[in-house]
Amino acid sequence: MSESLTYVSEKVGMMPGTLVHVGSVFEAETKISLVDYNKDTIEENNIFSIEELIKYKETDTITWVNVEGLKNVEIIESIGQMFHIHSLVLEDILNTHQRPKFQEEDEYIYIVIKSLALQNEKLSVSYEQISFLILDNFVFTFRETSDDLFSPIYQQLKNSKGRLRSRGSDYLAYAILDVVTDMNFVLIDSLDIVIDSIEDELLTNPTSQTLVKIQQYKRELINIRRSVSPLRELLSGILRSDSTLIRIETHEYFRDIYEHVIHVSEEIDSYKDILAGLLDIYISSVSNKMNEVMKVLTVFASIFIPLTFIAGVYGMNFEYMPELKWKLAYPVLWVFFIIFSIMSFVYFKKKKWI
Amino acid sequence: MSESLTYVSEKVGMMPGTLVHVGSVFEAETKISLVDYNKDTIEENNIFSIEELIKYKETDTITWVNVEGLKNVEIIESIGQMFHIHSLVLEDILNTHQRPKFQEEDEYIYIVIKSLALQNEKLSVSYEQISFLILDNFVFTFRETSDDLFSPIYQQLKNSKGRLRSRGSDYLAYAILDVVTDMNFVLIDSLDIVIDSIEDELLTNPTSQTLVKIQQYKRELINIRRSVSPLRELLSGILRSDSTLIRIETHEYFRDIYEHVIHVSEEIDSYKDILAGLLDIYISSVSNKMNEVMKVLTVFASIFIPLTFIAGVYGMNFEYMPELKWKLAYPVLWVFFIIFSIMSFVYFKKKKWI
Amino acid sequence: MSESLTYVSEKVGMMPGTLVHVGSVFEAETKISLVDYNKDTIEENNIFSIEELIKYKETDTITWVNVEGLKNVEIIESIGQMFHIHSLVLEDILNTHQRPKFQEEDEYIYIVIKSLALQNEKLSVSYEQISFLILDNFVFTFRETSDDLFSPIYQQLKNSKGRLRSRGSDYLAYAILDVVTDMNFVLIDSLDIVIDSIEDELLTNPTSQTLVKIQQYKRELINIRRSVSPLRELLSGILRSDSTLIRIETHEYFRDIYEHVIHVSEEIDSYKDILAGLLDIYISSVSNKMNEVMKVLTVFASIFIPLTFIAGVYGMNFEYMPELKWKLAYPVLWVFFIIFSIMSFVYFKKKKWI
Amino acid sequence: MSESLTYVSEKVGMMPGTLVHVGSVFEAETKISLVDYNKDTIEENNIFSIEELIKYKETDTITWVNVEGLKNVEIIESIGQMFHIHSLVLEDILNTHQRPKFQEEDEYIYIVIKSLALQNEKLSVSYEQISFLILDNFVFTFRETSDDLFSPIYQQLKNSKGRLRSRGSDYLAYAILDVVTDMNFVLIDSLDIVIDSIEDELLTNPTSQTLVKIQQYKRELINIRRSVSPLRELLSGILRSDSTLIRIETHEYFRDIYEHVIHVSEEIDSYKDILAGLLDIYISSVSNKMNEVMKVLTVFASIFIPLTFIAGVYGMNFEYMPELKWKLAYPVLWVFFIIFSIMSFVYFKKKKWI
Amino acid sequence: MSESLTYVSEKVGMMPGTLVHVGSVFEAETKISLVDYNKDTIEENNIFSIEELIKYKETDTITWVNVEGLKNVEIIESIGQMFHIHSLVLEDILNTHQRPKFQEEDEYIYIVIKSLALQNEKLSVSYEQISFLILDNFVFTFRETSDDLFSPIYQQLKNSKGRLRSRGSDYLAYAILDVVTDMNFVLIDSLDIVIDSIEDELLTNPTSQTLVKIQQYKRELINIRRSVSPLRELLSGILRSDSTLIRIETHEYFRDIYEHVIHVSEEIDSYKDILAGLLDIYISSVSNKMNEVMKVLTVFASIFIPLTFIAGVYGMNFEYMPELKWKLAYPVLWVFFIIFSIMSFVYFKKKKWI
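If you read the protein sequences in the order shown, they are chains H, D, X, C and W. Yeah, the first sequence ends on 368 if you go by the numbering used here, and it's all consecutive. Yeah, the second sequence ends on 368 if you go by the numbering used here, and it's all consecutive. Yeah, the third sequence ends on 368 if you go by the numbering used here, and it's all consecutive. Yeah, the fourth sequence ends on 368 if you go by the numbering used here, and it's all consecutive. Yeah, the fifth sequence ends on 368 if you go by the numbering used here, and it's all consecutive.
Only chain H is shown next, with the shape it has when bound in the complex (with noise of 0.2 angstroms):
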């Protein structure tokens, strides 16, 4: 079952406002990693309780907060208090079942996006939801799991004096959307060469099993689609907002995110209208295996049921039948039955029935 349909149906019953941690994958332990950082300083911290973060509130220097794992429901309500975040908010950021979107409040944005990754050569894609909260000076990010994904702009804040150090949280949260985002064009090369050897498969061997796989394709393909067109309207939200958290000089920047996923999004209509015509080709193979069986019974059977009609006839035992006493008889025979054997074979021959 594919992650997006196990579904909000475990919340119904449920009056909103209560928080819980709606999805399949649960951390052990929910980690925060925090940095904060301004155009001449660093500082890389893991924290344990909000209430460290009170110090960096009133700093004027960018502070970037990462929550990874949302079993631990209390910190996400801690910050919905110490950040005034709504509450409708904070139910979204646990409920991991959530369709990409971004939400413009005054002192806050909130946008939620999915991030692909193909899992292996098997094209099982994991979807991992990831909210952003982008305040004044605060970057927040929340994660269902713990990996390296982040990892670029880690380096990229420790190592380079460059844009990102000097510029606001919009320009972080610009950062990490783009990395996130990007996932997408790995998934869409990998999609493309997967593609392309069920291509191959179809025209040489095709088994039901590649119809079966063509088919599994396209319920993948859907899925995709599902988490990855909504990041056009998002995106095109941003580029509306007039929220002042979103500078205009980062507004290029988020606009050549917004290329990419509209890019993205026509690649991935094409696959579906390529996946479309694979199903067309097999159909067409399937019709002419079973005209390739046809011929040769029809081949075999036009030429050999006559003969043994021929054979049949001098089979019959009436008295009376002069050419059964002919001295010629069989091998003139013999030379018939050859003879018809090898003008029906030249007809199918060159009728390309063989």
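Think of the hints as simulated: they come from the structure by calculation, not from any bench. Treat the numbers as computed from the prediction; the structure is a model and nothing was measured. One thing to keep in mind: the hints can contain errors.
Copies of the same chain are indistinguishable here, so a pair counts whether it falls within one copy or spans any two.
[Unchecked claim] Cross-link-like lysine to aspartate or glutamate pairs, in silico, DMTMM-like; alpha carbons within 20 angstroms at most: (1) Lys365 to Asp214; (2) Lys366 to Asp214; (3) Lys364 to Glu215; (4) Lys303 to Glu213; (5) Lys366 to Glu215; (6) Lys172 to Glu215; (7) Lys69 to Glu280; (8) Lys227 to Asp210; (9) Lys341 to Glu57; (10) Lys232 to Asp283; (11) Lys365 to Glu215; (12) Lys71 to Asp120; (13) Lys286 to Glu43; (14) Lys366 to Glu306; (15) Lys364 to Glu337; (16) Lys69 to Glu234; (17) Lys71 to Asp150; (18) Lys227 to Glu337; (19) Lys232 to Asp294; (20) Lys303 to Asp50; (21) Lys341 to Glu280; (22) Lys172 to Glu65; (23) Lys115 to Asp206.
Position chains D, X, C and W against the provided structure of chain H, taking the given hints into account.
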């Protein structure tokens, strides 16, 4: 015949303004239950005549009147008179073949939606029409049947002194709407399981019954879609509305439902694609089976027809057939028969026909 | 040939402004009936010349003039002159191949719609064009034929002193439009029954006639759709109109029709999907039947062809065939024949080919 | 190759502003006919040099210049200079592979459309490009060929003193446009007849030629659509235009054409659906025919293969076959043969295979 | 693998702002050619360092700098610094997997498009990305490869003193864009020929290779479409732009390209429909061929199987078979054999199976 198809034709020829219950579910009795509450007090009641409502009109408390069973037209009529509801709205409440819609008047808001529930594992979906009238301090809900769909809200009202108790009639309406639309998630989950089981059946043992099932679910999906997709428009209507009956702080909550509805709509659309894919698999698997049958026939015929011809030849009664006298002819022929069979068998094996 | 296809080509080459009746229904005589009413009085009349209308022009009463049969072009022309109707509108009234539309002028509103009726159970749908002219105190309706479609309105006008009598010409137009569009619900119900019967036929005994029926209904559905779907646009035109001829309090009623029309359009669209599904079932069932035929052939051939070969072997006339002398050879061979048949039969049974 | 496909590639590499005739129809000579009229007078003329037009420029009369044959590029060039037409417009007039469009300049309006005509009953449609230049008192029409398409307008101008004579250049342009677009109705009617005949052929005697025809008409329909559907946009452009060259009272007339164009577009769309349906019927009827063939084969084989086996058994040469000696064996066997045949026949009859 | 699919994944993990050439075409050397002109003078040059551009910055002449080969990242970087181009734009120039787009800044306009060319008759389309920077007196073009695509413009600039020399940088940009988009017409024409040849092949001798070709062209069409259809949006962006860099009198020219682009898009869309039609023909023709094969088999089998049975009957060894003694039995049987064959033959002929 699907619920929504029996339709308004029952009312054709009547003049507008005639109040008649049009529907297929007739409850024995109309049951009216009332909850009147504010932050501090709560009163639960069953009432038997609309006149009892008068006293609640003058208080500041929120009053929720839930009418179950629409047979008793007079009740609807009295409510209409007492609260100045337009006669067309009253007609719509009574006619249970409405398309979900949101209608905004000066003094009240009228919402009509469908509550979908899976009856049993045979994917027979039941549709119940639920109408809402949202007034300043009143919420009316009109249902066709009586079950425990609303019980979480009663629980919430009675037990807690939380958000629901301290907010207005718009928040109550939201809470009810949320409960009803959440049922769609349950339905979607069931659909997912059903479709997975059809897919398994297709790949292991497709019969013509499988095809019938696919078509049946396709029709059901069309019906579900017709009930769910207008919700999108309905909720964006609520969000765009500038009626004072829906407070600005409640908008956030309706937007939450809006996103759920989009999510469900997208799921349903993708199921349509998946069902279409299943049909393709079915058609291909029928072709595959025919292929298999044809191969068996062709292998048998191609091996034995030539051999039968040879046997027929030596069954001929010519006087001068030298082979017939040869001592070794018969065993040699058997050797030929066997070698020919084996070679043919190997050939077809190599061609993957066996 | 469908009604809407015989088309305007009859008029090609004529200059605009030429009033000619274009249509396929020619009533022997044009019949004009008139109802003049207000809250207190009502007068019903058949009139024979347009001059009789002059006296009603000066009163405050609502006058409904129903013209049945369009052969008599002069009548239309006189009405046009007397009430200052644009000549293109007059042409449209006479040309019964119009697309439904709403046209708003300073002094009048012109509406043209199609009245659909199922002729008999063979789903032959008849299309009648009905034109409306709505003036301040006048409503003109122009019909091609004469039947009792409008009788509920006559009843309503005569019998009751209700809403219809006390309102303006816009409400009368609404009432008539409502009666005509309600006919679509009746049609939709019939369609539903027809499609269910085709589905039954498909599953029990599909013939090539079934396919012809599906295609025929598909074409009819396309025609129906072409008559119904412009109604949507027509009614939203009325609702958006700021003509003083349609009072603000009547809008509510037209919106009611608008919703019915959307409902019907959606039904028709879903029928299209369902018919497409039926076609898929048909094609699959044809394949299934061929499968069945092939299996019978294959079973017969696979059992008897090898046996015939064996019989042929012992029909050979070699001098040295030791088995021929064996006493038990013949019964043993019969035993073999029977065992082989039974085993083959069991094998095919297990493969579900029998 | 379809007309619109030979295309502009002939002009690739040329600089914009180069006036060249691009097209496939080359008239021997360019013919210029002129009608100059007002309410009272009318003058008809063939002119041979553009200079003759100067005198008409100063009068108040409406002058219609119809240029037939585009080979003579200088004529177009002189008109362009004399009336200050943009060089890109002149290029468009000469390049007969334009998409229908409406272009509005300060001093003139440029319209280009396609005139479609059915060449013969083989549905070979001819496309002619007709360009319009509408000035204050001038209308230019540019055609590729010379035929009697415009004769109704000449008639109207000469004979009557009606609407056409008393109105401006915009009404003349309307009248011409009306005549050209009305040709589409004629085409549609022919299409209808052609499609009906294909459907008959499909149901009585489908051959592979029928399929070729369907595909051919499908392509032609695509071409027709490409010429007709931009008219919608073109006319709504005219209706939205606030150019003083199109008087407000003429809008009504253009709206009439607009509605015709929508009508024709919808017809063409529905033909596309119908043709797709025909293809489905074709494919099904091919399957049906194969079914029929298979049934014949199966019936013959299923009856005679077992009987042949029996005959083969009694043709064996075993010494000890007691039945061979029985006196009644032979007639009894015949009885069995006949009973078996009849029973098989009845069985297959019951199964509707015969 | 299609060009646009190898994609940005090469850049995943890099920070925005890193200038790297991403693409598959690596020219050995970057070549920069420069044309500087005004109405009176023209100077053509190859330059080797960007510093040489400084002197042209101060003149009023139009300077066109054409950069061929993108390997040398420093060149792009220097241009960026000298003309204040945003670093994201520089990245886009270097990343040759861009989607065509139009981006408008205060001091320059950035356009990126794809130049499509048919490599050979095998419909292998090559895609080259061409970027434009339009400044007040400068036009930069960036190409991946070096060929004679721009030579008509060089010719035009050198030879004539026409429009091109007397207008601004916007007109130069138009002229280049026009040359590039005109290549699409050439491509479309080639496509047309290719599709016609496939159709011929389908009707005369369809093989499974034909199917592979159809699918291959379908994929190529999807790719072409992805490069061409964003041009629509791009050009309507230019037309809507109020940048002073594109003079109002040049708009007319860009609108001309806009219409060409729409034309090409529509052609491509219709090819998609036509290819889908070809697939239908293919599938039907495969069925037709199988039908033909089946008919041959059935005719042979239906004639000879009964005859063989008869021959088998008279090959039985019963002692009491009176016919065996009849003198005329054998010739009479032959007569029967021949009459039966002829009648069967006539019957199948009448059924059009032979």
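Now for the hints, and whether the structure bears them out:
no., hint, result
1, Lys365 to Asp214, "between (29 angstroms within a copy, 19 angstroms between copies)"
2, Lys366 to Asp214, "between (25 angstroms within a copy, 18 angstroms between copies)"
3, Lys364 to Glu215, "between (30 angstroms within a copy, 18 angstroms between copies)"
4, Lys303 to Glu213, "within (17 angstroms within a copy, 22 angstroms between copies)"
5, Lys366 to Glu215, "between (25 angstroms within a copy, 15 angstroms between copies)"
6, Lys172 to Glu215, "neither (48 angstroms within a copy, 56 angstroms between copies)"
7, Lys69 to Glu280, "neither (46 angstroms within a copy, 44 angstroms between copies)"
8, Lys227 to Asp210, "both (13 angstroms within a copy, 15 angstroms between copies)"
9, Lys341 to Glu57, "neither (112 angstroms within a copy, 103 angstroms between copies)"
10, Lys232 to Asp283, "both (11 angstroms within a copy, 14 angstroms between copies)"
11, Lys365 to Glu215, "between (29 angstroms within a copy, 16 angstroms between copies)"
12, Lys71 to Asp120, "within (17 angstroms within a copy, 37 angstroms between copies)"
13, Lys286 to Glu43, "neither (39 angstroms within a copy, 40 angstroms between copies)"
14, Lys366 to Glu306, "both (10 angstroms within a copy, 13 angstroms between copies)"
15, Lys364 to Glu337, "neither (34 angstroms within a copy, 35 angstroms between copies)"
16, Lys69 to Glu234, "neither (45 angstroms within a copy, 58 angstroms between copies)"
17, Lys71 to Asp150, "within (10 angstroms within a copy, 42 angstroms between copies)"
18, Lys227 to Glu337, "neither (63 angstroms within a copy, 55 angstroms between copies)"
19, Lys232 to Asp294, "both (14 angstroms within a copy, 12 angstroms between copies)"
20, Lys303 to Asp50, "neither (66 angstroms within a copy, 65 angstroms between copies)"
21, Lys341 to Glu280, "neither (81 angstroms within a copy, 79 angstroms between copies)"
22, Lys172 to Glu65, "neither (25 angstroms within a copy, 35 angstroms between copies)"
23, Lys115 to Asp206, "neither (27 angstroms within a copy, 24 angstroms between copies)"
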